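**Q** Listed below are the residues making up each chain.
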Amino acid sequence: MIDPYNNKEGVADIVINNGVISQVIIKNKIKSLTRKFNSSNNIVEIDAKGFHVFPGLIDMHTHLREPGYEYKETISTGTLAAIKGGFTSVCCMANTNPVNDNPEVTYYILAKAKEEGSCDVYPIGAITKGLKGEELSEMVMLREAGCVAFSDDGMPVMNPLIMRRALEYSKAVGAPIISHCEDLCLSENGVMNEGKLSFYLGLKGIPKASEEIMVSRDVILSRHFKATIHIAHVSTKGSVEIIKRAKEEGVSVTAETCPHYFTLTEDAVSGYNTDAKVNPPLRTNEDKEAIIEALKEGIIDVIATDHAPHHIDEKKVPFNEALNGISGLETAFALSLRLVHENILTLKQLIEKLTVNPSKILKIGKDGIREGSESDLIVVDIKKEWIVDKNKFVSLGKNTPFDGWKLKGKVIFAFKGKKFFDLREE
Amino acid sequence: MKDLVGIKELSRESIEEILNTAKAFKEVLGRDIKKVPTLRGKTAINLFFEPSTRTRTSFELAEKRLSLDVLNFSISMSSVVKGETLYDTLKTIEAYNVDYIVIRHSSSGAAKFVAENTNASVINAGDGTNEHPTQALLDAFSILEVKGRLDGLKISIVGDIIHSRVARSNLYLLSNFDTEIRFVGPPTLLPEDAQANVKIFYDLREGLKDADVVMLLRIQFERQNAAFIPSLKEYFHVWGVKKEIFSYLKDDAIIMHPGPMNRGVEISTEVADSSRSIILKQVTNGIATRMAVIYLLKPKGGIVDL
Numbered sequence: 001m002i003d004p005y006n007n008k009e010g011v012a013d014i015v016i017n018n019g020v021i022s023q024v025i026i027k028n029k030i031k032s033l034t035r036k037f038n039s040s041n042n043i044v045e046i047d048a049k050g051f052h053v054f055p056g057l058i059d060m061h062t063h064l065r066e067p068g069y070e071y072k073e074t075i076s077t078g079t080l081a082a083i084k085g086g087f088t089s090v091c092c093m094a095n096t097n098p099v100n101d102n103p104e105v106t107y108y109i110l111a112k113a114k115e116e117g118s119c120d121v122y123p124i125g126a127i128t129k130g131l132k133g134e135e136l137s138e139m140v141m142l143r144e145a146g147c148v149a150f151s152d153d154g155m156p157v158m159n160p161l162i163m164r165r166a167l168e169y170s171k172a173v174g175a176p177i178i179s180h181c182e183d184l185c186l187s188e189n190g191v192m193n194e195g196k197l198s199f200y201l202g203l204k205g206i207p208k209a210s211e212e213i214m215v216s217r218d219v220i221l222s223r224h225f226k227a228t229i230h231i232a233h234v235s236t237k238g239s240v241e242i243i244k245r246a247k248e249e250g251v252s253v254t255a256e257t258c259p260h261y262f263t264l265t266e267d268a269v270s271g272y273n274t275d276a277k278v279n280p281p282l283r284t285n286e287d288k289e290a291i292i293e294a295l296k297e298g299i300i301d302v303i304a305t306d307h308a309p310h311h312i313d314e315k316k317v318p319f320n321e322a323l324n325g326i327s328g329l330e331t332a333f334a335l336s337l338r339l340v341h342e343n344i345l346t347l348k349q350l351i352e353k354l355t356v357n358p359s360k361i362l363k364i365g366k367d368g369i370r371e372g373s374e375s376d377l378i379v380v381d382i383k384k385e386w387i388v389d390k391n392k393f394v395s396l397g398k399n400t401p402f403d404g405w406k407l408k409g410k411v412i413f414a415f416k417g418k419k420f421f422d423l424r425e426e
Numbered sequence: 001m002k003d004l005v006g007i008k009e010l011s012r013e014s015i016e017e018i019l020n021t022a023k024a025f026k027e028v029l030g031r032d033i034k035k036v037p038t039l040r041g042k043t044a045i046n047l048f049f050e051p052s053t054r055t056r057t058s059f060e061l062a063e064k065r066l067s068l069d070v071l072n073f074s075i076s077m078s079s080v081v082k083g084e085t086l087y088d089t090l091k092t093i094e095a096y097n098v099d100y101i102v103i104r105h106s107s108s109g110a111a112k113f114v115a116e117n118t119n120a121s122v123i124n125a126g127d128g129t130n131e132h133p134t135q136a137l138l139d140a141f142s143i144l145e146v147k148g149r150l151d152g153l154k155i156s157i158v159g160d161i162i163h164s165r166v167a168r169s170n171l172y173l174l175s176n177f178d179t180e181i182r183f184v185g186p187p188t189l190l191p192e193d194a195q196a197n198v199k200i201f202y203d204l205r206e207g208l209k210d211a212d213v214v215m216l217l218r219i220q221f222e223r224q225n226a227a228f229i230p231s232l233k234e235y236f237h238v239w240g241v242k243k244e245i246f247s248y249l250k251d252d253a254i255i256m257h258p259g260p261m262n263r264g265v266e267i268s269t270e271v272a273d274s275s276r277s278i279i280l281k282q283v284t285n286g287i288a289t290r291m292a293v294i295y296l297l298k299p300k301g302g303i304v305d306l
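Chain order of the listed sequences is A and B. Using the working numbering, the letters of the first sequence correspond one by one to residues 1 to 426. Using the working numbering, the letters of the second sequence correspond one by one to residues 1 to 306.
No lab work stands behind these hints, which were simulated from the structure alone. Please read these numbers as outputs of a predicted model, since none were measured by experiment. The beta-carbon is built from N, C-alpha and C at its ideal position, and this holds for glycine as well. Heads up, some of the hints might be wrong.
[As the list claims (entries may be wrong)] Here are a few chain A residues that face chain B, going by a calculated C-beta distance under 10 Å:
| id | residue |
| --- | --- |
| 1 | 190 |
| 2 | 194 |
| 3 | 271 |
| 4 | 316 |
| 5 | 320 |
| 6 | 323 |
| 7 | 324 |
| 8 | 421 |
| 9 | 423 |
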C-alpha cells in the first residue's frame with residue numbers, strides 16, 4: 001500500500017466494512033491475513049499479494065460531455081471508464097450544453113452522477129457565463145451547488161481584466177481558477193504545433209507563444225492580485241520555465257499536464273492522424289523532455305487526463321475539420337506508470353500527482369486509506385502488460401492515439417464507498 | 001501506384017517516369033487529332049470543393065484526351081451545404097463505380113483521406129496548403145523542356161510560401177534533384193524553419209542572384225487584412241518582380257507562375273509578357289503532365305456491389 005495522504009507505505013491488511021475502511025494494519029512483510037474472519041457469505045477476502053493498493057486516483061480535468069453531448073459520452077459511461085482507469089474521482093469541465101454556469105446545471109450533473117455514476121463527480125463551473133469571457137458566472141452560488149473549481153476550459157479568458165476580476169473574486173469563493181492558456185489571436189485556426197512539421201504537412205500551426213503568453217499573463221495576474229491559479233494542460237518547455245520562476249517567487253500557482261504531453265510529440269500527427277489532434281497540440285521532443293523533468297522536480301503538481309471523448313464521425317474527417325481531444329481515462333494511469341518503470345518518478349511521487357496533489361488544490365478533502373474513512377482505493381498490478389484496444393474502451397470516445405500500444409500496469413479492483421469493481425478480464 | 005496524393009510520397013524514379021510519359025503525351029497534343037483511346041470506357045470525376053477554373057479545365061481536357069468519361073462535381077452542386085461529410089460524399093461517388101477521382105479540397109490531407117477510403121485512383125488537385133502535385137510536375141516538365149535538366153539549377157520561389165501548396169510540392173519535387181532551392185519574400189509569409197536544403201531570403205535581389213528559375217506565387221488579396229503584409233502596393237514595391245531584376249538573374253533565367261497572376265502585385269506586366277516568361281507554356285504542359293499521371297495510376301478495381 002502506498003498512501004501519500006497519510007504518508008504511509010508498506011504491506012497492509014485493509015478491512016472494509018459496508019463501504020467504510022474499518023481497519024488498516026501495516027505489517028513489515030507479507031504474511032497471511034493478520035486478522036481471521038469467520039467465514040460468512042458477506043465477507044470477501046482478496047489476496048492482493050504482489051499487487052499495489054493506492055488511494056483512488058483523482059482526475060481533475062475530465063470532459064464528461066453530459067448534459068448536451070451524450071452521443072460523445074455520458075456521466076454513466078465516463079465515470080465507468082474512469083473506474084476502469086483507476087480514477088475514483090473526476091472533475092468535469094463546464095463546456096457542456098448548456099454550459100455549467102448556473103447551479104441548475106451543477107445540480108443536474110450531481111444528480112445524474114449519484115444515480116448513474118460509478119465514481120465521485122466534482123463539477124467545475126464556468127468562469128464566465130456561456131464561456132464567452134465577458135461576464136463572471138455566479139461563482140459563489142455555483143460553489144454552493146457543488147462546483148469545486150472554475151474554468152472556461154476549451155476557451156481561454158482572453159480579456160485580462162475579466163481574468164483579473166475572476167481571480168480576485170475567487171478569493172471570496174474559496175475555489176481555484178483553472179486557466180486554459182491560449183491566446184486565440186496567435187492560435188487562430190491552428191490545428192497542430194507550429195514548426196517544421198506543420199509546414200511539411202501544410203497544416204496551420206499553433207505557436208508555443210500562444211500558450212506561454214497566457215501562462216505569463218496569468219501568473220502575473222496571480223502575483224499582483226494575490227490569487228491562486230492552476231494552469232491546465234501544460235504543453236511547452238517555455239510554460240514550465242515560467243511556472244518554475246513563478247513558484248520560486250512565491251506566486252500561488254499550480255500546474256497540471258497530461259499523459260500525451262509527456263508521451264508523444266507532434267510526430268504523432270504525421271499522416272494526418274486526427275486521433276492525435278488535441279488542444280494544446282502535441283509539441284516537440286524538447287517540450288516533452290522539459291515536462292518530464294518538471295514532473296520530476298515537482299514544478300508540475302498534477303497529472304490529469306483532459307479526457308475529451310468525441311464521436312467517430314467527428315474524427316473521421318480531414319484533419320482541419322476534426323475536433324480536438326483524446327479519450328484518456330482508460331490509458332492515463334498506465335501511460336503515467338511508464339515514468340515509474342523508466343525510473344523517472346518513484347511510485348509514491350506518481351501517486352501524489354494523481355491523488356493528494358489534486359485533492360489539495362481542489363480542497364475536496366480526500367484523506368486516503370485510513371480507518372473511519374469511506375473506502376476509496378484501487379488495487380493495481382503495475383507489472384501487468386496489456387495492449388490498448390480502443391474498441392474495448394468503456395468510454396464512448398474511441399479517439400486515442402495509443403491504440404495498439406503495449407502498456408504496463410492495470411487496475412484490477414476498485415473500491416468506492418459501497419461500490420466494488422472487479423476489473424479483471426475474463 | 002494507385003494514387004497521386006503528393007510529391008512527398010514519390011521517388012525520383014517515379015517523378016522521372018511521369019515526366020517521360022508526359023513527354024510522349026505532349027507529342028500527341030501536337031498532332032491534328034489530339035485524342036488517344038487509351039482509357040475508353042473508364043470514368044473520371046472531378047471533385048472540386050474549392051472553386052477553380054484553370055486546374056479543373058486542365059484536368060478535364062487531359063481526361064477527355066485520354067477518352068475518359070468525365071463528370072464534374074463542384075461545390076455549387078455539392079452536398080456540403082447540406083451537411084454531408086466528405087466520407088459520405090466519397091462513398092456516394094464510389095457507388096457510381098468511377099475509376100479516377102480528381103479532388104480539390106480546402107483541407108490539408110483531404111486527398112490522402114479520400115485515397116485511403118476508396119478503391120478509385122485519387123489525384124490530388126490541391127488540398128489546403130499541403131500539396132498540388134500535378135502543378136509541381138508540370139513545372140518540372142516545363143523547366144526540363146527549356147533547360148534540359150533539373151540537376152544543378154538554382155531555383156528561387158518568391159512570395160507567399162507558407163500558404164502555398166504549389167511551393168510545397170515544388171520544394172518536395174526539386175529536393176529529389178541536385179538543386180539549390182531558395183524561398184524569397186516577406187518574413188511573415190516564409191516558414192521560420194523549412195528543410196535543411198532551403199535557403200531563406202528576405203531581400204529579393206539577394207534571393208534571385210544568379211537564379212536559373214524564378215517561380216512566382218500568387219499573393220492573395222486577403223493577406224493584407226491579416227497583417228501579413230501592409231499593402232499590395234508595398235509588396236509590389238519590395239518583392240514584385242520587375243524588369244530591373246533581370247540583371248541579377250542568369251542570362252538564360254526563366255520566369256514561371258502557376259496562375260492566375262496579379263499583374264502589378266507579384267509580377268510586372270513587362271516581366272509577365274517578356275521572352276523569359278514561360279507562363280503559357282506551363283499551361284499547355286499541364287495537360288500533358290496530367291494525362292501522364294492519370295495514365296500511370298492503377299485503380300484497385302473491383303465493382304462496388306451494393
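**Q** All hints, please: hold or fail.
**A** Now the hints, each set against the structure:
Violation of the interface hint for residue 190 (chain A) is found here, the shortest Cβ-Cβ separation to chain B being roughly 12 Å, above the 10 Å cut-off. With a cut of 10 Å, the hint placing residue 194 (chain A) at the interface with chain B holds, because the nearest CB-to-CB distance is about 8 Å. Contact between residue 271 (chain A) and chain B, as hinted, is supported at the beta carbon level, the nearest pair being about 7 Å apart and thus within 10 Å. Here the hint on residue 316 (chain A) is kept, as its CB sits about 6 Å from the closest CB of chain B, short of 10 Å.
For residue 320 (chain A), the shortest C-beta to C-beta distance to chain B is roughly 4 Å, which falls under 10 Å, so the interface hint holds. This hint is violated: residue 323 (chain A) has a C-beta 13 Å from the nearest C-beta of chain B, more than the 10 Å allowed. Checking residue 324 (chain A) against chain B by beta carbon gives a least distance of about 15 Å; that is not within 10 Å, so the hint is violated. Taking 10 Å as the C-beta contact cut-off toward chain B, the hint placing residue 421 (chain A) at the interface is violated, the least distance being around 37 Å.
Among the interface hints, the one on residue 423 (chain A) is violated; its C-beta lies about 35 Å from the nearest C-beta in chain B, farther than the 10 Å criterion.
The structure does not agree with the numbered hints 1, 6, 7, 8 and 9 stated previously, though it agrees with the rest.
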